[in-house]
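*Asks:* Chain by chain, the residues:
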Amino acid sequence: MASDVAVAAPPAAELSRNRTLVVGTAFASVASIMVFVGLFAVYISVRQNNEFLVENGLPGGTLWFPEGAVQIAPGTMMMFTTWISAFTISWAVQAIRNDDRRNAYAAFAVTLVMGAAVINQMVFAVLDFGLPVDRSVPALMLYVIYGSYIVFMAIAVVFVSLMAIRAIAGQFNSQNADGVQAAAIFWYATVIMYLPVWYLITITK
Amino acid sequence: MTATDTHTETHAADGVMDAPAEGDGLYRLVASNDHKMVGRLWIGASLLMLLLLGVLGVITDVERVDLGDTEVFGSVTKYFQGWVLFRTGIIFMVVMPLFIGIATAIVPLQVGSASIAFPRLAAASFWGWLFAAGVHIASFLADGGLGPAVGTRTEGTLLTIVSLGFMIVALLASSVCIATTIVALRPAGMNLQRVPTFSWSMLVATSVWLFSLPVLIANLIYSYADLQGRPPIAFGNPDELWARVEWAWSQPQIYAYAIPVLGILGDIVPVAAKQRQANRPVLLSFIGLFGLLSFGAWAQTFLSRGSDPAFQTAVDVADRGNYIYDEFLYIAFGIAAFIPVFLAFGGVMDTIRRGSAPKPGAALIGALSGALLLLGAVIVGEIRVIPLWDALHIDNVLLSSSTAQLGMIVAASVAASAGALVHWGPKIFGGYVKEPIAMLAAMALLGAGLMLGISNLVAAFEGQPNISAAPLDSSLVETMNVMAAIGSALLVLGALALVGAVIPAAASSEQLPDDPWDGHTLEWACPSPPPVGNFVEPLETITSSEPLLDEFEEVS
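Residue numbers (this note's numbering), protein chains in the order written: chain A, 1 to 205; chain B, 1 to 556.
Incorrect hints may appear among the rest.
[To be verified] A few chain A residues that face chain B, going by a derived Cβ cut-off under 7 Å, partial list only:
1) 24
2) 28
3) 34
4) 38
5) 45
6) 47
7) 53
8) 54
9) 60
10) 63
11) 64
12) 94
[Stated by the list, open to error] Sample of chain A residues at the chain B side, in silico, Cβ under 7 Å:
13) 19
14) 23
15) 35
16) 39
17) 49
18) 59
[As the list claims (entries may be wrong)] Just a sample of chain A residues kept apart from chain B, beta carbon distances all over 12 Å, derived:
19) 105
20) 121
21) 205
Hints in this document: simulated from the structure, not taken from any laboratory.
If you're wondering where the values come from, they're calculated on a predicted model, not measured in any experiment.
Even glycine gets a Cβ: it sits at the ideal position worked out from N, Cα and C.
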């Protein structure tokens, strides 16, 4: 008889996760990217105007960067490093989603090493430029853009480190990977930010 | 627990109410991250700043009455510093914080959330903003400001730049909290189309702020770097500092600060008219379009070749290329901005026409005044960009009329906020805002906006420059400047009346009904004032944009 059958209570409905951290980080990442859009817009406009003056032999035109001051190899290495780090942070997210903690820790470690490498390479490049910041507008803009990028990359490294520590403490798993996803979103934003830095400064100067 | 902690997520739709706890006394004031308390702090601080900066606005306008000298400030430099402080302050210490305060208190209630997203960040951003605002004012007292070269100190200028930057960062952090609440903390069934109009307008506004104001931060970074350790060579030149950031106080960007005016109008009018808003998705689209057209980070003077300092000395005028004001996009944005405001206003007016004749309360009058002034500001924008004045040899219209627009936008924002504070007073303060005094505030603010707009526009046509108090042989300009000074005084009067109307509500301890106005949206489903966690009972799945009106119609 049906009344004699022990009926198990249905499982509690799974709470919907609202993903606040992911959404909030996405908004913050957009704002961060817009800082660089603003920096690049000024850089491009000053450079275009300078080109016009130089090409027409008008006063006020200035030599942009001296030959050899901005070398292609370090900038391109940084570009590849950031793009590889985009894959490694994705690896971390995927590993957490699969509850594969060993892979997640490895991915976090590799990502953080790459972030530190980029910061290290950038600081080296800033010290190595030797451009006259006291009288050169292009040099001033170069240092501002590189300096700003170092700051944002440092924030990304701290964010990922924090989430890595929380992952090690067991706060993230296949059911809740929001923190790691949020850190990854900000990391992707820093990777995107570097692409125009590389193209405008390293390649086209 | 950190700002990135995910454990305080709210699940209002699932009946889980997890909200920050409140303390007592001073601790409650300083340490609380309850969104109603944080919202009240934003509102209170911004109203006090409005009083302070309103007085400064009166003084700067009085200085312009007699164009021949600078008797009040004592020097052109001091006058310019006051002029700049009024502009930086009125937007970043009054208009944006006021809307952020109302939104911090109301948006979580409107979207059925037990809390704002990142409550600790929301509280921290208020205190960070307050500190930066204090430093910003102090920087002007230390001979800072954004120029000119003569009479300002580099250290003071650096302090002005840094404090302005930090204020913007704090406001953006709060914007992230509000936008995230709207996107991520809605209950089941409430898609974006069903979000109340004010919340929608805040989503549009915060998105535009998050896209545009970081570009202003980029400008400030360049200027700050250029002022380090040596005389500036480009971006930090004190004579050009203001021109490099002026876009943030000009159209189209100036409209971005007033986007919530349309949201307030769209929420108050249907309730007052006891009528469902027809074609609501279209209204939301117009607000979104207005937001799109108010994105102004691209309209920087110095991004156009005509304004480049290097070109000023090296290239003939004819070969310099366009100024930003001659660009097609600038003219097109200026003309197009009128369309969504006009149509949104018309749509809401149609609701009044179809509804029962609404009682002209302070909430309705405030919201309508704000919308009318916003409409006036975009009409001034149309007049500004018409490429006719050069042909008619009427100078200065484009540049000088930005003062007219600023006055109208500020008055529009404060008037609409006055309406919002009356309407949502039971939820924000736990008491009724005094109607007659609030009505006086709304009327004074409407008068202030009209006088500031008309007088400054006429003075612009008469050739008065935007900034300087340079002498002009025009009695009409002097009359208009008297009118502008009276308009600024009305702004202060309106602010005073608003503060006077709000204080009794904040001090009230009377028992209020949950829904004193027969509201349509979710905030009226919680007690007045809302307890911690906001909603006493779990919310049912939302099936329309006016769930309470549906319920009322079902019952009746």
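*Asks:* Honestly, which of those hints from before does the structure not fit?
*Replies:* Violated hints: 6, 8, 10, 11, 12; rest satisfied.
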